[in-house]
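S.K.: Here's the letter readout for the chains.
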Amino acid sequence: MLGYIRTDAKELRLREHESYRALYCGLCRRMGKCTGQCSRFSLSYDFVFLAALRYSFGREIPEIEKRRCPVHPLRPRPMAKPSEALTYCAHASALLTYHKCRDDCRDERGGRRLRGYLARGFFRPAYRKAKKALPELDLAIRESLSALSDYENTPDAVPSADRPAALFGELMATVFSYGLSPSDARVAAAMGRAVGHWIYLVDAADDLVEDQKKGRFNPLLLLFENSPTSEDLERVKLSLTGQLMRGEQALLLMDSFATPEIKEIIYNIFYLGLPSCAERVLEKAEKQLSQEKRDP
Amino acid sequence: MNDPYYILGVSRDATDRELRAAYKRRKKQYRSPTLGQRDLRDLTDARKKQIDEAYRQIRRARRSEPALSFAECVLPDPTLGAQVRVLLEEGNFGEADALLRRAPVSARNAEWYFLMGRVQEQRSYFLDALHMMDSALRIDPGNAEYRTARETLKQTLEEQGISCKRSRKGRWSKADWGECCCECVGEIGCECCCEVCDGPC
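Top line first, the protein sequences correspond to chains A and B. Start counting the first sequence at 41; every next residue gets the next number (my numbering). Start counting the second sequence at 54; every next residue gets the next number (my numbering).
For the record, the hints were derived by calculation from the structure and aren't laboratory data. Built from N, CA and C at the ideal position, the CB exists for glycine as well.
A short list of chain A residues far from chain B (calculated; beta carbon distances all over 12 Å):
1. Arg160
2. Ala187
3. Arg320
In silico contact screen, one side only, chain B against chain A (beta carbon under 10 Å); selected entries:
4. Asp66
5. Ser177
6. Glu211
Working from the sequences, and respecting the hints, build out all of it.
M.R.: Structure representation (structure tokens):
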């Protein structure tokens with residue numbers, strides 16, 4: 041579920057790219073301080089998007105300083121200084137990573153299940169620290185993932201890909217809006233709902249052909265009766281656009297952004313990064329489907 | 054294969070417009086042979102005849118297809134469809150969804166799929182909505198209401214979906230707000246002055 045929320049780097053100005061990297065490095069450093077050095081292995085650009093949003097909603101301005109890091113020891117790099125937004129993202133990342141590992145232990149089989157057990161043990165110390173800082177968020181994530189798991193394990197009378205995606209969207213809505221004022225929480229939750237729904241469908245499309253081969257659960261396979269076609273992928277593409285349209289309504293309601301660079305980063309991710317990622321995933325699925333048809 | 058849809062390369066739920074475009078496209082592929090290909094003229098003519106016949110067959114079938122009887126078109130419990138439509142108008146989508154799900158599997162005909170699609174559309178479940186509407190059209194391809202609803206949803210997602218450009222001035226503008234006269238967005242050195250770019254690009 042990670043790795044889909046990226047910028048289209050070619051369209052970023054250099055100062056925006058530097059700001060983006062500074063948030064990434066700042067988040068990594070913050071994760072090391074708040075949730076332990078092991079948690080830094082779960083760092084991803086997806087949480088940089090969340091950090092950019094939280095800076096804007098929290099009316100905080102990221103301050104950049106040059107620090108060295110263990111991975112790049114030679115030259116100091118621009119890093120965002122510690123802030124509430126980064127602290128929150130560090131804790132949220134630890135909680136979501138641990139719960140994802142827990143789900144893999146329960147739902148997956150074979151190599152993935154073993155990896156889930158190992159990863160769960162590896163990220164447990166980080167989880168404990170994050171749970172101490174945000175116990176209500178941990179409970180909300182646990183309940184949402186449990187509802188999602190119940191849905192996935194219970195056959196639905198009317199097969200649907202959007203119902204589990206909406207459950208995941210609700211989880212993201214909680215993560216995006218936790219701790220904000222009521223008016224900001226509404227906008228953040230709407231954005232989270234749309235982005236979460238989008239992520240779930242893109243992840244399902246990414247694993248479509250592999251899940252078909254290995255007989256794993258995939259909501260799109262259920263909807264398309266285990267034989268997806270190009271027309272089905274066209275429908276997925278349109279529905280992904282629809283979800284981004286919902287998110288755009290929330291984006292346009294955001295009154296202010298932390299800095300002009302943060303605004304450009306968020307717009308770049310939303311208008312360029314996400315659609316191009318969806319296109320890439322669907323093209324790959326289309327290619328794999330046609331290869332399957334040629335050599336079954 | 055003798056399936057006329059396969060010959061024309063369209064899906065069964067293609068609109069009349071798409072069908073005509075596909076027919077023209079296929080005919081164009083087999084236009085009069087140029088130098089060096091005259092020895093295949095008979096095969097080319099046979100293929101052109103096949104395409105004409107496939108197109109005629111589909112048009113004939115669509116025009117003269119016996120309309121599903123009223124009983125087949127509407128839900129077996131005629132009040133269910135009316136109830137769902139009322140709930141849709143009231144904005145009570147959760148209740149409409151639950152009502153449709155309670156209907157037995159034998160009741161899932163074209164109207165059931167169509168109303169399910171409308172309900173999912175209102176809940177922003179676009180993938181399910183498109184899937185349901187296509188299923189309704191597969192059962193009842195001649196139904197104008199279903200076709201219009203599906204085309205409207207598809208058009209909204211295709212044309213008004215987000216796609217943005219950033220101009221040199223750093224402003225984000227949606228692609229559907231109008232194209233710049235010279236497609237200069239993002240290019241340096243353009244001296245065009247137009248309404249979309251609001252001055253020099």
